[in-house]
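There are 4 protein chains.
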Amino acid sequence: MYENGKPSVELAVAAVTLPDIQKTPDQRNIPIDRVGVKRVKYPIRVLDRANEIQHTVGEFTLLVDLPAHHKGTHMSRFLEILSENQGEVSVHSLPRILSQLRERLTAANAFLEVDFTLFVSKPAPVTGKVGMMGYHAGLRARAGAIDEMVMHVVIPVATLCPCSKEISAYGAHNQRGYVTIEVEATDHIWIEELIEMVEAASSAPLYPVLKRPDEKFVTEQAYQNPRFVEDMVREVAIAFNKDSRISRYKVEVENHESIHDHNAYAVIERTK
Amino acid sequence: MYENGKPSVELAVAAVTLPDIQKTPDQRNIPIDRVGVKRVKYPIRVLDRANEIQHTVGEFTLLVDLPAHHKGTHMSRFLEILSENQGEVSVHSLPRILSQLRERLTAANAFLEVDFTLFVSKPAPVTGKVGMMGYHAGLRARAGAIDEMVMHVVIPVATLCPCSKEISAYGAHNQRGYVTIEVEATDHIWIEELIEMVEAASSAPLYPVLKRPDEKFVTEQAYQNPRFVEDMVREVAIAFNKDSRISRYKVEVENHESIHDHNAYAVIERTK
Amino acid sequence: MYENGKPSVELAVAAVTLPDIQKTPDQRNIPIDRVGVKRVKYPIRVLDRANEIQHTVGEFTLLVDLPAHHKGTHMSRFLEILSENQGEVSVHSLPRILSQLRERLTAANAFLEVDFTLFVSKPAPVTGKVGMMGYHAGLRARAGAIDEMVMHVVIPVATLCPCSKEISAYGAHNQRGYVTIEVEATDHIWIEELIEMVEAASSAPLYPVLKRPDEKFVTEQAYQNPRFVEDMVREVAIAFNKDSRISRYKVEVENHESIHDHNAYAVIERTK
Amino acid sequence: MYENGKPSVELAVAAVTLPDIQKTPDQRNIPIDRVGVKRVKYPIRVLDRANEIQHTVGEFTLLVDLPAHHKGTHMSRFLEILSENQGEVSVHSLPRILSQLRERLTAANAFLEVDFTLFVSKPAPVTGKVGMMGYHAGLRARAGAIDEMVMHVVIPVATLCPCSKEISAYGAHNQRGYVTIEVEATDHIWIEELIEMVEAASSAPLYPVLKRPDEKFVTEQAYQNPRFVEDMVREVAIAFNKDSRISRYKVEVENHESIHDHNAYAVIERTK
Numbered sequence: 001m002y003e004n005g006k007p008s009v010e011l012a013v014a015a016v017t018l019p020d021i022q023k024t025p026d027q028r029n030i031p032i033d034r035v036g037v038k039r040v041k042y043p044i045r046v047l048d049r050a051n052e053i054q055h056t057v058g059e060f061t062l063l064v065d066l067p068a069h070h071k072g073t074h075m076s077r078f079l080e081i082l083s084e085n086q087g088e089v090s091v092h093s094l095p096r097i098l099s100q101l102r103e104r105l106t107a108a109n110a111f112l113e114v115d116f117t118l119f120v121s122k123p124a125p126v127t128g129k130v131g132m133m134g135y136h137a138g139l140r141a142r143a144g145a146i147d148e149m150v151m152h153v154v155i156p157v158a159t160l161c162p163c164s165k166e167i168s169a170y171g172a173h174n175q176r177g178y179v180t181i182e183v184e185a186t187d188h189i190w191i192e193e194l195i196e197m198v199e200a201a202s203s204a205p206l207y208p209v210l211k212r213p214d215e216k217f218v219t220e221q222a223y224q225n226p227r228f229v230e231d232m233v234r235e236v237a238i239a240f241n242k243d244s245r246i247s248r249y250k251v252e253v254e255n256h257e258s259i260h261d262h263n264a265y266a267v268i269e270r271t272k
Numbered sequence: 001m002y003e004n005g006k007p008s009v010e011l012a013v014a015a016v017t018l019p020d021i022q023k024t025p026d027q028r029n030i031p032i033d034r035v036g037v038k039r040v041k042y043p044i045r046v047l048d049r050a051n052e053i054q055h056t057v058g059e060f061t062l063l064v065d066l067p068a069h070h071k072g073t074h075m076s077r078f079l080e081i082l083s084e085n086q087g088e089v090s091v092h093s094l095p096r097i098l099s100q101l102r103e104r105l106t107a108a109n110a111f112l113e114v115d116f117t118l119f120v121s122k123p124a125p126v127t128g129k130v131g132m133m134g135y136h137a138g139l140r141a142r143a144g145a146i147d148e149m150v151m152h153v154v155i156p157v158a159t160l161c162p163c164s165k166e167i168s169a170y171g172a173h174n175q176r177g178y179v180t181i182e183v184e185a186t187d188h189i190w191i192e193e194l195i196e197m198v199e200a201a202s203s204a205p206l207y208p209v210l211k212r213p214d215e216k217f218v219t220e221q222a223y224q225n226p227r228f229v230e231d232m233v234r235e236v237a238i239a240f241n242k243d244s245r246i247s248r249y250k251v252e253v254e255n256h257e258s259i260h261d262h263n264a265y266a267v268i269e270r271t272k
Numbered sequence: 001m002y003e004n005g006k007p008s009v010e011l012a013v014a015a016v017t018l019p020d021i022q023k024t025p026d027q028r029n030i031p032i033d034r035v036g037v038k039r040v041k042y043p044i045r046v047l048d049r050a051n052e053i054q055h056t057v058g059e060f061t062l063l064v065d066l067p068a069h070h071k072g073t074h075m076s077r078f079l080e081i082l083s084e085n086q087g088e089v090s091v092h093s094l095p096r097i098l099s100q101l102r103e104r105l106t107a108a109n110a111f112l113e114v115d116f117t118l119f120v121s122k123p124a125p126v127t128g129k130v131g132m133m134g135y136h137a138g139l140r141a142r143a144g145a146i147d148e149m150v151m152h153v154v155i156p157v158a159t160l161c162p163c164s165k166e167i168s169a170y171g172a173h174n175q176r177g178y179v180t181i182e183v184e185a186t187d188h189i190w191i192e193e194l195i196e197m198v199e200a201a202s203s204a205p206l207y208p209v210l211k212r213p214d215e216k217f218v219t220e221q222a223y224q225n226p227r228f229v230e231d232m233v234r235e236v237a238i239a240f241n242k243d244s245r246i247s248r249y250k251v252e253v254e255n256h257e258s259i260h261d262h263n264a265y266a267v268i269e270r271t272k
Numbered sequence: 001m002y003e004n005g006k007p008s009v010e011l012a013v014a015a016v017t018l019p020d021i022q023k024t025p026d027q028r029n030i031p032i033d034r035v036g037v038k039r040v041k042y043p044i045r046v047l048d049r050a051n052e053i054q055h056t057v058g059e060f061t062l063l064v065d066l067p068a069h070h071k072g073t074h075m076s077r078f079l080e081i082l083s084e085n086q087g088e089v090s091v092h093s094l095p096r097i098l099s100q101l102r103e104r105l106t107a108a109n110a111f112l113e114v115d116f117t118l119f120v121s122k123p124a125p126v127t128g129k130v131g132m133m134g135y136h137a138g139l140r141a142r143a144g145a146i147d148e149m150v151m152h153v154v155i156p157v158a159t160l161c162p163c164s165k166e167i168s169a170y171g172a173h174n175q176r177g178y179v180t181i182e183v184e185a186t187d188h189i190w191i192e193e194l195i196e197m198v199e200a201a202s203s204a205p206l207y208p209v210l211k212r213p214d215e216k217f218v219t220e221q222a223y224q225n226p227r228f229v230e231d232m233v234r235e236v237a238i239a240f241n242k243d244s245r246i247s248r249y250k251v252e253v254e255n256h257e258s259i260h261d262h263n264a265y266a267v268i269e270r271t272k
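Residue numbers (the working numbering), protein chains in the order written: chain A, 1 to 272; chain B, 1 to 272; chain C, 1 to 272; chain D, 1 to 272.
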């Protein structure tokens with residue numbers, strides 16, 4: 001039936017009439033909340049605040065709900081829709097992809113999540129030496145009974161312990177902490193703006209390139225701005241409370257403590 | 001001030017009067033939902049269905065809420081409480097740990113999560129050859145305004161594609177899938193029971209040791225029981241719906257498809 | 001000393017004369033094999049076989065050796081060199097980057113490793129439906145006493161068990177396996193060529209999009225081409241032995257067995 | 001053929017004469033360096049320096065070489081051998097397991113690797129408050145043409161930057177670093193001894209529980225003992241050079257820099 005690994009003509013013809021098992025009726029009477037594909041890698045383009053198109057790598061989850069009377073969804077259609085939209089990720093393309101998912105999979109609700117590395121050009125604080133810093137970012141969107149779009153981004157920061165500073169004759173332990181935020185907005189907001197709000201709430205931001213004068217600057221900046229994980233989540237909450245574009249947020253901070261092998265953690269969630 | 005890396009007497013005395021920064025009042029007026037420690041490894045003992053104590057490794061998250069007027073929580077107390085409870089994880093110890101967290105951190109609510117490897121002795125289906133299979137399992141509990149305890153476990157299974165079987169002249173693609181369940185119960189239920197319910201819903205269970213007669217058996221068993229991810233979540237839902245001890249559940253299946261590099265996924269969540 | 005988070009003029013001036021600790025002599029008389037930076041993310045461009053520039057995300061390790069008499073290397077220079085080379089990854093740029101590392105860090109040897117996702121456009125075997133498949137790939141290069149460049153790529157494939165097929169009345173267990181190859185070549189060779197050689201040695205390749213006729217095709221193809229991990233490494237070894245451009249290789253296969261929770265593994269290494 | 005998921009008598013009888021595909025001769029004339037199983041979880045017991053048996057979770061790799069004339073190895077025998085040795089990991093059991101692997105798989109060489117969490121009881125430096133700290137440790141052994149056993153352990157430590165301390169008016173950036181060591185010894189050496197040597201070479205060790213006087217102590221200790229990654233690997237190398245029991249070592253340090261999102265890294269390898 002195969003010649004040199006290629007299907008013969010007969011197979012191609014036969015294929016037309018292959019049964020569609022997914023479409024057969026299901027008697028179990030159990031609807032499925034979400035079904036589809038996960039960990040789909042696709043090259044994507046993202047518009048950044050500098051108005052430039054960034055080419056990066058997206059990892060997608062695409063899901064729909066499935067009514068009780070269908071045995072299965074059609075997995076290949078998720079990939080076809082992704083392929084037809086050519087990897088554009090924007091406020092325009094996501095609603096279109098969700099709408100195509102609902103239509104071509106005859107679903108009431110569609111869900112999309114995409115994660116990617118967003119690069120931000122970042123000058124050192126004193127010398128101005130520029131380098132690129134990659135942030136783990138993404139979007140989670142749904143359409144149907146509820147329409148929503150949530151941005152998320154992980155911002156690594158430096159945190160310096162207020163207690164250690166206060167009680168020690170010199171020095172203070174500090175470390176890398178990871179701030180994970182989820183934000184829902186009523187108006188356009190750049191991921192880069194969110195990153196800046198979080199970095200402003202930290203003991204000091206991280207940088208791709210630091211020369212000695214820069215290292216002196218950030219070391220002293222961190223020592224002057226001690227932050228517990230509790231301070232970090234509160235300072236970010238204050239910034240997000242003030243920004244009228246933000247309607248809902250979640251802020252998590254996880255400090256990779258330099259005095260312990262476990263992590264310190266705090267979270268605040270709020271719907272305005 | 002230090003001699004040979006040991007603090008001098010002066011330091012030890014001075015320590016008595018070290019200021020407690022965490023306890024200082026906070027003016028920002030922002031309560032924190034949860035704060036504490038994450039990724040704490042501790043040796044634990046778990047009672048299994050065979051009525052034997054299993055020694056395993058726990059990874060803990062311990063959190064409390066923090067009212068607006070406190071600057072910080074006291075992180076070391078979480079570790080002290082864990083240490084005093086000597087790594088026992090049971091329906092008796094968890095409420096006690098939660099109660100101690102609330103008391104000693106003067107918190108309205110306490111949260112605990114622990115993950116561990118649970119070993120189950122498993123005979124091969126034909127030869128009866130016994131081996132140990134390790135499941136990633138755990139508990140998530142809270143006490144305060146809401147009291148709850150949720151079990152979770154990841155059960156790897158074999159799934160064989162009904163569509164592939166139907167349309168192909170011979171063979172059918174099959175693969176390892178991971179079923180992640182969360183279960184809340186009104187009465188005692190063993191994690192081993194949940195594992196059995198999930199394995200019964202699969203194309204075939206996985207085994208630690210299989211001799212050739214066993215391999216023949218599970219190969220044919222899988223071929224006779226084809227399952228989409230949609231079938232998997234529905235079959236588990238049916239089993240959990242029938243069990244009156246289960247009051248709430250979430251079932252996720254992620255198939256590491258052997259024909260794709262991405263995964264097929266489905267989820268059903270239900271509160272009875 | 002800081003106003004609004006910006007260093008004052010005094011600081012900027014003082015910075016000019018900051019001591020260079022790294023440059024101070026070291027009395028311990030211990031040379032360091034390799035020192036530098038790891039997990040540096042940078043946007044990169046890679047030329048693919050279709051003669052198109054792919055924009056992707058690189059994760060770099062950049063190292064040099066350090067003679068016994070220096071206390072430390074200058075970490076920021078690694079980042080500056082990466083930044084100046086603007087993320088181009090090619091047979092031309094890597095030797096240039098290595099040469100700059102050796103020169104500006106006054107090192108005898110320089111080492112570079114970069115990992116990225118390489119996308120390959122892949123048509124389904126029957127319908128020809130095209131999708132993108134992302135492979136985890138990379139390069140490892142060194143210059144100095146030894147000059148070498150090694151490509152690596154992870155190719156997910158389907159493997160169907162010959163034993164299971166032979167002993168079972170119907171069906172055969174199959175699964176996703178991961179083939180990791182490292183290749184050193186004396187002449188130009190595309191990563192895409194290596195991927196094709198490995199996929200040809202598998203039970204069946206994986207695809208981004210498969211419609212029903214395609215699924216029938218790959219299911220039957222896998223059933224007709226059973227492969228143990230032992231067969232996989234041998235078939236790849238035969239293909240690499242025949243290719244005169246390949247001077248050294250390592251082939252590892254790890255099968256995520258669909259009948260076990262552990263993996264089957266085999267490796268062959270050879271310098272011609 | 002199956003009744004209620006159990007194989008019928010016929011199947012059990014038929015099984016006796018199932019063909020052994022693995023044993024069939026192979027014509028490709030390619031020996032395989034190593035073949036076997038990976039990621040096998042098993043409950044194990046390890047003897048610690050306090051002369052107590054620790055129950056922990058092992059993850060095993062078990063491999064043998066395969067001569068050119070055999071098609072495949074017998075995967076289930078690896079699991080049977082592991083099961084028969086009942087999870088004891090010691091200087092006595094490993095040679096026995098390796099010897100059984102060689103014998104029952106008729107192999108010239110056998111290889112074993114096991115990773116586990118080793119708990120060490122650790123008092124705080126001032127208050128003496130005791131907690132458990134879990135280290136990722138393991139052994140890698142082989143028997144046949146070469147007999148060897150290599151211990152490995154990852155020790156998280158605090159490192160404080162000498163450059164940052166020197167150039168800054170106050171404070172110094174510090175962070176968690178991970179020291180990974182591999183050690184081959186000619187005489188018995190406890191993993192706990194290796195951990196102590198590495199911690200003594202750091203700016204400060206990490207602890208499970210620290211009260212305020214302890215936190216003051218380790219903060220000041222770190223400030224007094226600044227260490228680059230270069231210093232860390234050299235200090236560990238000096239300690240390992242002095243210990244006559246150690247015949248070969250590799251020391252890697254990876255600092256999760258609190259001023260950068262990338263890591264600083266250094267490595268020294270030496271065979272005495």
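A portion of the hints provided could be inaccurate.
Copies of the same chain look alike in the list, so a pair counts if it works inside one copy or between any two.
The calculated BS3-like cross-link candidates involving lysine-lysine, where the alpha carbons are at most 27 Å apart (straight line), are [unchecked claim]:
1) Lys38 with Lys71
2) Lys38 with Lys250
3) Lys250 with Lys23
4) Lys250 with Lys129
5) Lys211 with Lys122
6) Lys242 with Lys38
If you are wondering where the hints come from, they were derived from the structure by calculation, not from laboratory data. Predicted model only: the values in this text are computed from it and were never measured.
Verification of the hints:
Taking the closest pair of Cα atoms, Lys38 and Lys71 come within 27 Å of each other only inside a single copy of the chain (20 Å); across copies the shortest separation is 36 Å, beyond that limit. Taking the shortest Cα distances, Lys38 and Lys250 sit within 27 Å of each other both inside one copy (24 Å) and across copies (18 Å). Only between protomers do Lys250 and Lys23 lie at most 27 Å apart by alpha-carbon distance; the minimum there is 25 Å, versus 40 Å within a single protomer. When the C-alpha separation of Lys250 and Lys129 is checked against a cutoff of 27 Å, the pair qualifies neither within a copy, at 33 Å, nor between copies, at 35 Å.
When the C-alpha separation of Lys211 and Lys122 is checked against a cutoff of 27 Å, the pair qualifies only within one copy, where the shortest distance is 13 Å, while the shortest distance between copies is 38 Å. For a Cα distance limit of 27 Å, the shortest separation of Lys242 from Lys38 qualifies neither inside one copy, at 36 Å, nor across copies, at 30 Å.
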